[in-house]
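Number of protein chains: 2
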Amino acid sequence: MLARFLFPIVLFTYATVSVAQIHPITYNTKEDFDYIRKVIPTNQLLNQSFQDIKKDVDSWIGKDIDVPVPKDLAGGYTHEKHKENYMLLFNSSMLYQLTGDVKYAVLAKSIFLKYAVLNPTLKNHPKGSGKFPGRLFFQSLNDAVWLVYSGLAFDNIHNYLTINERKTIADGAFKPEVDFFSGELKDWFSLIHNHAVWACAGVGIVGIATDNEDYIQMALKGPQKDGKSGFIANLNGLLSPDGFYTEGPYYNRYAILPFYLFGNAINHYQPSLKIFSQKDTVLQKSLVNMLQQTNYDGGFYSYNDALKDKTYLSNEIVEAIDIAWTVYGDTPDLLPITKQQNRVTLTRGGAAIANELLSNKKIGNSYPYHSVELTDGAKGDEGGVTILRNGKKDSLTSLIFKYTGHGLSHGHYDKLNINLYDGVNEILTDYGAVRFINIEQKSGGRYLPETKTYAAQTIAHNTIVADGKSHFDGNEELSQQNHSNKAFSSIGDGNVQVVSATENNAYPDIQLHRTIYMLSVPNPSNNSKPLIVDIFRTKSANQHQYDLPFQYLGALIQTSFPYKPFTTTQTSLGTKNGYEHLWKEAEGKSTNSFSQFTFLNHSTYYSISSLTDDSTRFFMTRNGAKDPNFNLRHDPAYIIRKKGSNQTFVNVIETHGNYNAITEISTNTYSSVSKIELLQNDDEYSVATITFANKTILIFQSNKDFSPSSEHEISINNVKYNFKGAYRVLVDGKEL
Amino acid sequence: MLARFLFPIVLFTYATVSVAQIHPITYNTKEDFDYIRKVIPTNQLLNQSFQDIKKDVDSWIGKDIDVPVPKDLAGGYTHEKHKENYMLLFNSSMLYQLTGDVKYAVLAKSIFLKYAVLNPTLKNHPKGSGKFPGRLFFQSLNDAVWLVYSGLAFDNIHNYLTINERKTIADGAFKPEVDFFSGELKDWFSLIHNHAVWACAGVGIVGIATDNEDYIQMALKGPQKDGKSGFIANLNGLLSPDGFYTEGPYYNRYAILPFYLFGNAINHYQPSLKIFSQKDTVLQKSLVNMLQQTNYDGGFYSYNDALKDKTYLSNEIVEAIDIAWTVYGDTPDLLPITKQQNRVTLTRGGAAIANELLSNKKIGNSYPYHSVELTDGAKGDEGGVTILRNGKKDSLTSLIFKYTGHGLSHGHYDKLNINLYDGVNEILTDYGAVRFINIEQKSGGRYLPETKTYAAQTIAHNTIVADGKSHFDGNEELSQQNHSNKAFSSIGDGNVQVVSATENNAYPDIQLHRTIYMLSVPNPSNNSKPLIVDIFRTKSANQHQYDLPFQYLGALIQTSFPYKPFTTTQTSLGTKNGYEHLWKEAEGKSTNSFSQFTFLNHSTYYSISSLTDDSTRFFMTRNGAKDPNFNLRHDPAYIIRKKGSNQTFVNVIETHGNYNAITEISTNTYSSVSKIELLQNDDEYSVATITFANKTILIFQSNKDFSPSSEHEISINNVKYNFKGAYRVLVDGKEL
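Chains A and B, in that order, are what the protein sequence lines are. Per the working numbering, the first sequence starts with residue 933, numbered consecutively. Per the working numbering, the second sequence starts with residue 933, numbered consecutively.
Chain A on its own, in the form it takes in the complex:
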């Protein structure tokens, strides 16, 4: 009955190219399905994935599935229902292939036919906002995801459908969306942006599923089919040669799914394209290097817009790993992750991994994390990110040093930012995004205003803010045109790891140069954790106020300096650029050239020891000001403020001691850093000395010539020191 009154519309709008094709092919080929069908009864984990889906789909069999007129934001009924529906379409189509039971195809078809009626009637979503509203959903991105899963579903039931049914669905359910993308949303569809990857994947998968070469070409080469946009342009333009995705790992996770899903489909459809080999196997690098950007607990590093509770257990990573297993071959490094995921997809790779998990008795508990350096930019020449790591398993220390480009619309003003993790715990934190995913009462899960006004601002990070203004004065366009540059680095297993980068555009008249040393200096009190030395230089012809915040998590234990706490009335630290979101809890002043701040996070102590001068002020702050809707967490920060033209911050971050609540024993609650001096500090060289556990650490650093082959001679207190390359570190006169 539904199909009957659709025909006139369908006939009227149908005008695409059709090619004959073997189905299924998009998600699994027929041979893949044969293999999976064989493994299911013999493998408990794969069978569980199968049963989970079956249980869900079976509960809908015989029911009338609602396909409502779109109305709500994320979290609301119609939004959630359409999400449910595309998964139900996909899952029932998978069961049709795996069981051969026609009832699953009937269910999927009945839903498709409802969309074939609904979609041609849709205008822009009533709650749609911004430049790119959707139709089924408030934002076009979700419509693209709908296309991806509906396309995969259509392909799976393709051979069950009659020619007329295929046409009804292709023209009614898919064409209005594809026309919308390539018409009104053409600018969006043509972006080099993760949303466009979803759009390409949706249009491309629908193209393969419905035998529509026109769609496939639009997907691969953009709506104009000129290759300036589309899937391949995104693969080349969106990912750096290391597979680094400029929006950061949280969005890399999301972006990788359409890359892999459509990559997989097009690889079946047109193997000659060798999509997974393109740009020197960039899709493999993107997966592996994204996983290196997770913490020991699997959480993605939260720089740029990110939600902290997202981990590699996410569906996107399960899908990508399972596809990678087939196209790139077995990768044992991934098994600790697949083991924790404890589920696989119903794919050839998923089945193979399920078998591997069953037979391989040597799978470790942790992904093999190591120090890593990733370039940003399509050509790898737009800065990057370095992760310095030390220690193994739950005593893994990870320091993220970010000197990338801006990160598109999800970037933050955080040039030369650092974050620090100790085991599973976040010590120096990046706020991430201000957002409550999928909660209707919180703007339907959209980014809340405080994402822009606070989380993206420089003060919300652990890097220098000059004159209370964010980098690039918070101008996204300007920031997007620039990136920091690596000066030098050395990472790996040695006792000295270092990374140094410069930023000359964040402020018109200031040059920023930050160098992070991760040093393994033996000391009984620090649980063998590395010492971090942070030399942050500013250079300017003019006087400035420099704020260096430490967004720490934990309880303040002690400061070496006196401060004035604001105990009955508290005001915000400033009025703009994120400062308006910080309550000023206390304010202090340095009393000598060495200042120390100790806090407790979980069972470990951390001390920040600082070189300070007469101009130095300290602020203890907490997020939560100007937050009328209670959107912010209330995390503390310790801000060091210095004034001057050329200034240098030398900070030593020490992990020490242990607090055991069960035994009530605290050990080494005091820092072992007792002195910091700059013996020389000019355009040529910085020489810093640190007294740590009665040892003298001496750091020589070249500030101009970063070449690894240059030879330097420098005289300190009439003693001559030589070094080759950009730095040298001595402990008690000996090479570390």
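Simulated from the structure, these hints should not be mistaken for laboratory data. A few of these clues could be false.
Because identical chains cannot be distinguished in the list, a pair is counted as satisfied if it fits within a single copy or across any two copies.
[To be verified] Quick list of in silico lysine-lysine cross-link-like pairs, DSSO-like style, CA-CA up to 30 Å:
| id | residue 1 | residue 2 |
| --- | --- | --- |
| 1 | K1003 | K1627 |
| 2 | K1206 | K1157 |
| 3 | K1099 | K1118 |
| 4 | K1384 | K1607 |
| 5 | K1666 | K1418 |
| 6 | K1496 | K1508 |
| 7 | K1324 | K987 |
| 8 | K987 | K1211 |
| 9 | K1496 | K1516 |
| 10 | K1206 | K1059 |
| 11 | K1516 | K1575 |
| 12 | K1294 | K1521 |
| 13 | K1240 | K1325 |
| 14 | K1293 | K1271 |
| 15 | K1271 | K1294 |
| 16 | K1627 | K995 |
| 17 | K1418 | K1575 |
| 18 | K1627 | K1013 |
| 19 | K1325 | K986 |
| 20 | K1496 | K1059 |
| 21 | K1240 | K1516 |
| 22 | K1384 | K1015 |
Chain A is fixed; fit chain B onto it per the hints.
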């Protein structure tokens, strides 16, 4: 050499009664040791306990053990060293018994001889404060603990020591401490208080170990040996007939150790005393009922002065369970806990449990929690605490309703307080104590001033504060003389659980009556979690301001009422009684008779729906004001303020929905409670109706006659209702 110059002192001060005795006997008998020695090689867990101790002690063999002159607070060197030393004494003496290797006895002896030199020279500790300073430690309590472990150690090496050595140690190391306790500290030693239990245990164990009947009698009957104080008086006076310890479970944990350690010793020494059977096996009840006062994650409920990170993995509980296993026989209920503890003591019970863990394959993962009601007071007539529970395992809901006495020096002003836990998560919280155990920088781990000024005050809890003053106006002596009274209750497995209590003394002219219903009303949106209805009545001849705080943990999602947020300047809510520690973040006003407040804690939503009137104001607050040393956590609260003479708060607390960060799906983010009315509310009856998921819940409650046999007839809207007992609950006209 050490011993030589000790003799003159020793001879001069020695003057106690000696009796012949078989040793060892205090911690283990010879037969116990024989059994443990036999099990060690066959049981990995017991062997691990043995190896752990051995590894630690072996690292000290041949070294000169420092016995420093006392100087530091907790966390400081001398404090920690003396703590280490008594454990080293104990552990090396255990190894002497278990291995027969004389080197362990030599090590213990050498330490004892140093204490025999040091102790006679000690005056009160230089950092000692309060009425009861210690000598080796800043507080006498720690000196008592030192006596306990040193006494056990002496007993273990008793037979190795020569008569002269015994005398040297007894007179040099022990006598000064015992004399100090029974002399200067006699008032303390004579208390009915957990510190006195430690003192009795220390003196008693030393008495048995050194064959000193005088000490033993002082321990059992108090320093005057009149039975008015001492161990038995404490056993009778400190624990209620249910074994409830008025200071709360956190201190029950600490207090149970000396009860069990000396109980065990005296039970070996004088079995005819039947110490473990006294007061109807109160020591068994105390252990089991304390464990019922832990949360699903093993954490002790944090009412009164408590630290939240303390769990039943603590050493005290390992010791107590292992002793209980021997004296009370096998108790399979305890095995889920011993399994999590994953260690046992080197006792007969410890060895037996280790064997049980090995052979018993049916041990569950969770302690069998159930609803429980415990009386307070030596005779069980001073109020109590009721824990209403619903659900199993990680969907266990626990509500603690407290109507006890004050709780001695660790009590809070929290009459009729409630706390709520959902699975492992704390939802409505009790701050506990403000204290950083064992951190020297935080006053050496002592209670910080904010414990009294904030954590103990009524506003820090979830109960009514009248006129901004704490219960009993914060007068401990007055509070100590009073207790609340249970009105009626019904707990167990039914769909209706209820507990009702009255408090007539907290304020001179106000009667408080609170009734908590935990209702299992089927509703798909609340994950089968119970609905909590809280009817809190006040009665007074005078006008008052009533504040009812909800100290929730989580992120505010939505309120049904408008409020004014304080976004650029924030002031404290008040100036005293704990209000000075709350920042006022926002203030609102009820716009109709129904108000709602929804928050997210971990992955679950909670809504507090309230009957409100024109006088009702709302405050959103956060701890942290007047906190110059950053001692407080920054937790939020939602405070409902009403004015009037007789007022009734009706609040419904609903657990609903789910937030899944991995799948990004939120369900049932809105409360299903849509209406609350009081159909009748007077001295005789309260009748409340609640609309919940389109069902009508009708609650009848007698406010005067709480007898379970009384018959009531009440007419509502011309319909007559009958009920027997103090309450009746109907859902859509049917008995729940």
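Each hint, compared with the structure:
| no. | hint | result |
| --- | --- | --- |
| 1 | K1003 - K1627 | between (67 Å within a copy, 28 Å between copies) |
| 2 | K1206 - K1157 | within (19 Å within a copy, 93 Å between copies) |
| 3 | K1099 - K1118 | within (24 Å within a copy, 97 Å between copies) |
| 4 | K1384 - K1607 | neither (39 Å within a copy, 38 Å between copies) |
| 5 | K1666 - K1418 | within (28 Å within a copy, 73 Å between copies) |
| 6 | K1496 - K1508 | both (23 Å within a copy, 21 Å between copies) |
| 7 | K1324 - K987 | between (41 Å within a copy, 24 Å between copies) |
| 8 | K987 - K1211 | neither (41 Å within a copy, 56 Å between copies) |
| 9 | K1496 - K1516 | both (10 Å within a copy, 21 Å between copies) |
| 10 | K1206 - K1059 | neither (41 Å within a copy, 76 Å between copies) |
| 11 | K1516 - K1575 | within (19 Å within a copy, 34 Å between copies) |
| 12 | K1294 - K1521 | neither (55 Å within a copy, 62 Å between copies) |
| 13 | K1240 - K1325 | both (20 Å within a copy, 27 Å between copies) |
| 14 | K1293 - K1271 | both (11 Å within a copy, 25 Å between copies) |
| 15 | K1271 - K1294 | both (11 Å within a copy, 26 Å between copies) |
| 16 | K1627 - K995 | between (74 Å within a copy, 26 Å between copies) |
| 17 | K1418 - K1575 | within (26 Å within a copy, 65 Å between copies) |
| 18 | K1627 - K1013 | between (64 Å within a copy, 25 Å between copies) |
| 19 | K1325 - K986 | between (37 Å within a copy, 27 Å between copies) |
| 20 | K1496 - K1059 | between (48 Å within a copy, 27 Å between copies) |
| 21 | K1240 - K1516 | both (25 Å within a copy, 28 Å between copies) |
| 22 | K1384 - K1015 | within (28 Å within a copy, 52 Å between copies) |
Hints 4, 8, 10, 12, counting from the list given before, are not met by this structure.
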